[in-house]
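Protein chains: 2
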Amino acid sequence: MGTAAEPGDPTPIPTLTPAPEDDDYWYLDGPQGPELPTELPPCLPSLPPSLAHICLAVLSVLVLLLLIPLGRCPLLWSHCGRSRFRLPSPLDFPAPRGSRAAPAALLTVLSSALCLLLSENTSVPTLGSAPGPGARRLLGLLYCPALYYPLAACCTARHPAAHLLGALLAWVHLVLQLWPRAECPQTSQVQQFYSLLATLPLLLGLGFLGLWHPVQLARHFRRHPELGAQDLWSRGSEQYLRGVLYKHKRNSAPHPQSGFLSRVRSCCRRLYHPQPGFQLPLMLVLSAALTGTVTYQVALLLLVAVVPTLRRVREGLTTEVSYLLAGFGLVLSDDRQEVVQLVKRQLWVLEVCYVTALVLSCCLTLLALTHSLGTHRTNLQALYRGAALGPLTPSRRPSLQTVCCWMAFAAYQTAFTCLGLLSQQVILFLGATVLAFLIFPPLPGGQSPLLHGLQTSWPFWLTVALAVALQSVAARWVFLDTRLGYPVLTNRRALTAVTFLLFPANVLVGALVAGCRLLLSGLYSALMLGQAQLSLLPAPATALDPGYHTYLNFLRMEVSQSHPAATAFCALLLQGPRPHTAPQDRPSPGWEEEGVQLLRTKELGALKWGRRAGRGRGRWALAYTLLHNPGLQAFRKARGPQP
Amino acid sequence: MGTAAEPGDPTPIPTLTPAPEDDDYWYLDGPQGPELPTELPPCLPSLPPSLAHICLAVLSVLVLLLLIPLGRCPLLWSHCGRSRFRLPSPLDFPAPRGSRAAPAALLTVLSSALCLLLSENTSVPTLGSAPGPGARRLLGLLYCPALYYPLAACCTARHPAAHLLGALLAWVHLVLQLWPRAECPQTSQVQQFYSLLATLPLLLGLGFLGLWHPVQLARHFRRHPELGAQDLWSRGSEQYLRGVLYKHKRNSAPHPQSGFLSRVRSCCRRLYHPQPGFQLPLMLVLSAALTGTVTYQVALLLLVAVVPTLRRVREGLTTEVSYLLAGFGLVLSDDRQEVVQLVKRQLWVLEVCYVTALVLSCCLTLLALTHSLGTHRTNLQALYRGAALGPLTPSRRPSLQTVCCWMAFAAYQTAFTCLGLLSQQVILFLGATVLAFLIFPPLPGGQSPLLHGLQTSWPFWLTVALAVALQSVAARWVFLDTRLGYPVLTNRRALTAVTFLLFPANVLVGALVAGCRLLLSGLYSALMLGQAQLSLLPAPATALDPGYHTYLNFLRMEVSQSHPAATAFCALLLQGPRPHTAPQDRPSPGWEEEGVQLLRTKELGALKWGRRAGRGRGRWALAYTLLHNPGLQAFRKARGPQP
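Sequence order for the protein chains is H and P. For the first sequence, my numbering begins at 796 and goes up steadily by one. For the second sequence, my numbering begins at 796 and goes up steadily by one.
Just so you know, these hints were derived from the structure itself, not from any lab. Cβ atoms here follow ideal geometry from the backbone N, Cα and C, with glycine treated the same way. It is possible that some hints are incorrect.
Unchecked claim - On the chain P side, residues computed to face chain H include the following (Cβ under 10 Å):
{"no.": "1", "residue": "838"}
{"no.": "2", "residue": "934"}
{"no.": "3", "residue": "1113"}
{"no.": "4", "residue": "1213"}
{"no.": "5", "residue": "1355"}
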C-alpha cells in the first residue's frame, strides 16, 4: 500500500499502511456506494502530538530517576553496599515469581505501539533532522522501548512507591493515547475506526496496568509482600523437587499410532493444559502474548487493507467493465449488464475466499500457539532430566551463543509469527481461490477449467491411473498369497515381468510424485514458518535452520539458569541459615540471584549452618537430585578451569 | 521447446525436444555465424523405420517363443510337472546371483530408448490410427519395454541356447540402430551429432550384451554353470552369516561432531566403497545405473538445447540491438559498437554461468549417487539387525503397500533424478548469474546493483548490524564472566534491560532470519529432490513425503524377501539333504525360491534329513541367528492366522 512507494524507505517488514489517498474510501460498515465521503475540515487537537510526547518523555525520565533509589543491592553481596543504587530492571526474566500478567500486558502495549508506529505516521515523535521517513521510523523503533522502560521498571521494583508511580504513569499514557482520538473523532470515519481497533490492545494493556498497580498496593498493605513473592517463587520448584524425590515416574511414551484420525486425536490431546508443579518460563509466556498481539494486528491490517477496497470496486462497477475486458480479449457475454453481474459475482467469490483464508490462518496460528506451549513444556522437562534435544552438543553452561539467542528469542518469535501469518494467508487464499474458481467457473457458457484440462491431457492421466490401479490389483490378488493367514509373496516371475513392463509408466507416476514432494515441502515450510520450535529442514540438516537453532539455544539458557531443582535448593538455603531473621529485614529484589550464587560457590559453607540431621538429609537430597537431574552436574563438578 | 506447443500433448514430463524448425540451427562445434546451414536433400534409408520395427518385433516374439521351453519348473515343486512351461522372467530380482552387469546394461538400453522416444519422432513405431502425437508417445512407452523383454529374458534363462539367442538379438538390435545412422549421416549435421551422442549409451549397452552372451556361453562349456551360480549366490549370504555367528561387532556410532570441516570430512568418508560380505540388492544397482543414464541424457539435452542458441545469438548481434534496448528504456552507451560489445560480454557471462551450473549439478548428482549407495547399505544392515527405520510401523511381512512401492522404486528414482537435475540446474544457474552480475555489473558507467541496494536501505542494515554486534559484544564482555575458568552469567539486570531495549531491533533481525529459513528450506528441497532416501519434510511429518515413503517400503520388501541369513539357510538346506546327487541332475532356475519355501514350511522336515550332530549344530546356529536377526522371527512364529 502507501509507504512501499515512498522514496528512501528501507523497511522490508510488511508495513501495509493505508495510502493517504485511499484513507477516505475505507469503511467496514457495509457497502455505501461508490460516491466519495464528504471532505472534513482539518481537526487540530488542543495538545499537539509532539508536546504530548515531550511531556511523556520528561515524566518517564522523572519516574526512572525516582525508581533508582528503590533498586537496592541484595543483602549477602559483600562488594555492594546499601548505598550503591542500580538501574531498575524492566522485566524479571530469570525468576519465576510474581504475576506474569503485568509483563505480558506491558509487552502487548510495546508491540502494539510498534505496530502503530509502522502503520501510522502520527505517533512517531518528530525528530527534527532525521534523514527520511525510513530512518525516522527506525529511530522510533529504538525510542519506543525507551519510552516504556520506566513503566516496565515500576512492575519489578516491588515497592509501594513504585506501584504508585506505575499507576500514575499508566494512566498518563492512557490519557495521552485517548486524548487525540476523543478530540478529533471525525478526521476520517474509516481511518478512525481502524485506528481505534489497532489501538485497542494498547489501551487495554495500559488500562490493565493502571488497575494492576493499585491492586498490588492494596495487597502490599494487607500482608507482607516478600513472603508472598517468596512463596510464589519457590512453590513450583518445590513441587518439582518433591516429584523428583518422592516418586520418579517414567515418562511412558505412547505407542506410535498410524492413521490420520488417531494423529488428529493425539494432536488435540497435546493442546496446552496447565500441569501442576510446572511453570513455563516468563520469556515463553511473553512470547505467547506477543504472538497473540501480532496475530491480531496483522490480521486487522490484512482485513482493512483489502476488503473495503474490494467492496468499493464491486459497488462501483459499471457497464464500462465489458469494454475493459474486451480489450483483454475476454468477451463474457453480449449483454453488458450480465457482464457486470458476472464480474460482481467473481469479486464476491474473491472476497469470501479472502476472508475465509484470513479466518483460517488466524485460527491455525492460535492453534499452533496453544500446541507449541505444550511442546515447550515437554522439551523443557526433557532438558531438566538431562536428555539431549536436537543436534546441538549437550552443554549446560551459558555460552556466547546461548546468551545471544536468549536475548533475541521473543523478538524472533514475533517476526516469525508475523511472516508466518502472511505466508499462510497467501497460500490459503490461493488455494481457496483455485477451489472456488473450479466450482464456479468464470465463463458461464464455457466449461470448468478442470474439465478442460482433463480433456486435453486425458492420455497421460489414463496411463498413470491404469498403471497405479493395475499394480495395486495385481499386488493384492496375484502377488500376495494370504491363504496361510498372513501375506506371502508368490508368482515372482510375474512380479518381475510386470515391474519391467510398467517401468516407463511408473516413470510418469514418479514425475507426479516428485511434483507432490516439492509442493508438500514448500507448503509445509510456508505454513510452519511461524513456529520456531519446528525445524523447517529435515533430519541431517536440522541444525542449519537459524530459527530452530535460536530456539534450542534459548531452551539451553533457560535450563542452565532456572533449573527448578536449583531454584528449590536456593529457597532451602535461604530459609536455612537465618530462621529467626525478621521478614522485614530481608532484602527483596535480587535475592534469588544471590541464592544461585550461594549454590554455586558457598554450597558447603551454607550447609554447615544447618544441624547435623539437616545436613545429612540435605546431602542425601542433593545426591538423589543430582542423580535424577544430570543437568545440575555442571554447577558442581567444575572448580578450576576447564579444558 | 518444440513439443510443448503441440495441441493435445498431455505429457508433463520434461521432453525438451528440439523444435523441427530449430533443428537446422543446432551445432556444437564452435560458432559459425548466424547464416543458416545449407538445405540438404531428403535422405531416405533403404530400410524404412517401420519395416525395421516390424522385423525386430517378429524376431523378438520368435525368440520369446523359443525361450519358453527353457524355463522349466524347479525340481521340488510337486504341483508343477516338467512338462509345464513358464514365461521367462526378464530380471532376476530377488536372488543376488550372477553378474549384475547384464541387467544394468539392459536397463541402460531401455532408459536410453525411452529418452530417444521422448526427444525424437523417428524411433516411434507408426501406430496407424493413434489419437495425436501425445497418445502415440504414451503407447510407445508401453511398447518399448515389450520390445526389449526377450532380450532381457535371454539373460536370465541361463541356458546355452538362450545365450545364443540373446547374442543374436543384441546384434540385430545394434545393427538396426546403426543402419539408418550410417546410411543418412547428412540429414542435418547438428541434429546428427546430438542424435549420435544421445544414442551412445544405447549402442554401448547393446554392444556389451552382444559380447556378454558369447562370454557366458564359453564359460558354460568350460565349467558347470549351476555350481558357479550357486557359489555366487550363497557366498555373500554365508559371509554375512559367518560374521553374525563368529563375531558380533557393535556398530559404534561415531561421536556427532559439529563444525563444517568435520562434516565435509565425514561426508567424504561415507562415499561408497565395497564392503566384503555385503552385496547391494539388484534393484539398487539397477537404480544407480538408471540414475547415471538419465543424468547423461538430461545433461546432454540441457547443453544442446541452450548453448548453441546462445552462441548463435551472440554471433548474430548487430548494432540494431541498441535500438531494441532503447525501446525498453535501457541506454547502455551512445556508441552503438560499444553497446554490441557490452551485450556480447553479458551473453558470454550467461553462457559461462549456464555451463558451470550444468557441470556443477551433474557432479552433485553423481556425488549424491555415490553417497546414497553407502546410505542404502547402512539402512539395509540396520534393517537386517532388526532396527526400526523411519516412522513406519515395523512389520517384516510383505504387504500391498510394500509390493507396490517395490515395483515402482527404480522408476520413481529415475523420475526424481531427472527432475532433481533440472531443479539443481535452475537454482545453480540463477545463483551463478546473480553472482556474476554483481561482479560484472551490466551498466559500465553505473554502479553495481549491490552497492545501489545498500545505498537505498542503509538505515535498515545499519540497525540490524548494530543490534547483532551490540548483543554479541555485550554477551561476551558484560554478561559472561569467565574469571572462574568457565562462563558464568552476571549482570542480569543489564541483560534484561538490553533485551527489552533491543526488542524492536531484534524483530527486524528476526524478519531477516525468517527469510533465511524459508530460502534455506526451498533450496534444500530443490537440491535434494533427486534423492529418495532423504525425506524433504522435517521430523514430525517425515512419513508424508511420498518419495521417502516409497523408499522405506522398498527397503522393507527387500529385507523381508532377501535377508542374507534366510538366503544362507536356504543354501545350507539345499546342500544338506542330497549330498550325493550329481550336480547335473539339479534343476537350475528358481531353486532358491524353492529354498525359501522350504525354510518357511518344511523347516523341521528338512532338518530331519541331516545327521544328529548336524541337526544339533543347525539348531544352535538357528537360535543364535534368530537372536541377532529379529527380522527373521516373522518367518517362524506365525503358523496360524494372525489377528
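For this structure, which hints from the list above don't hold up?
1, 3
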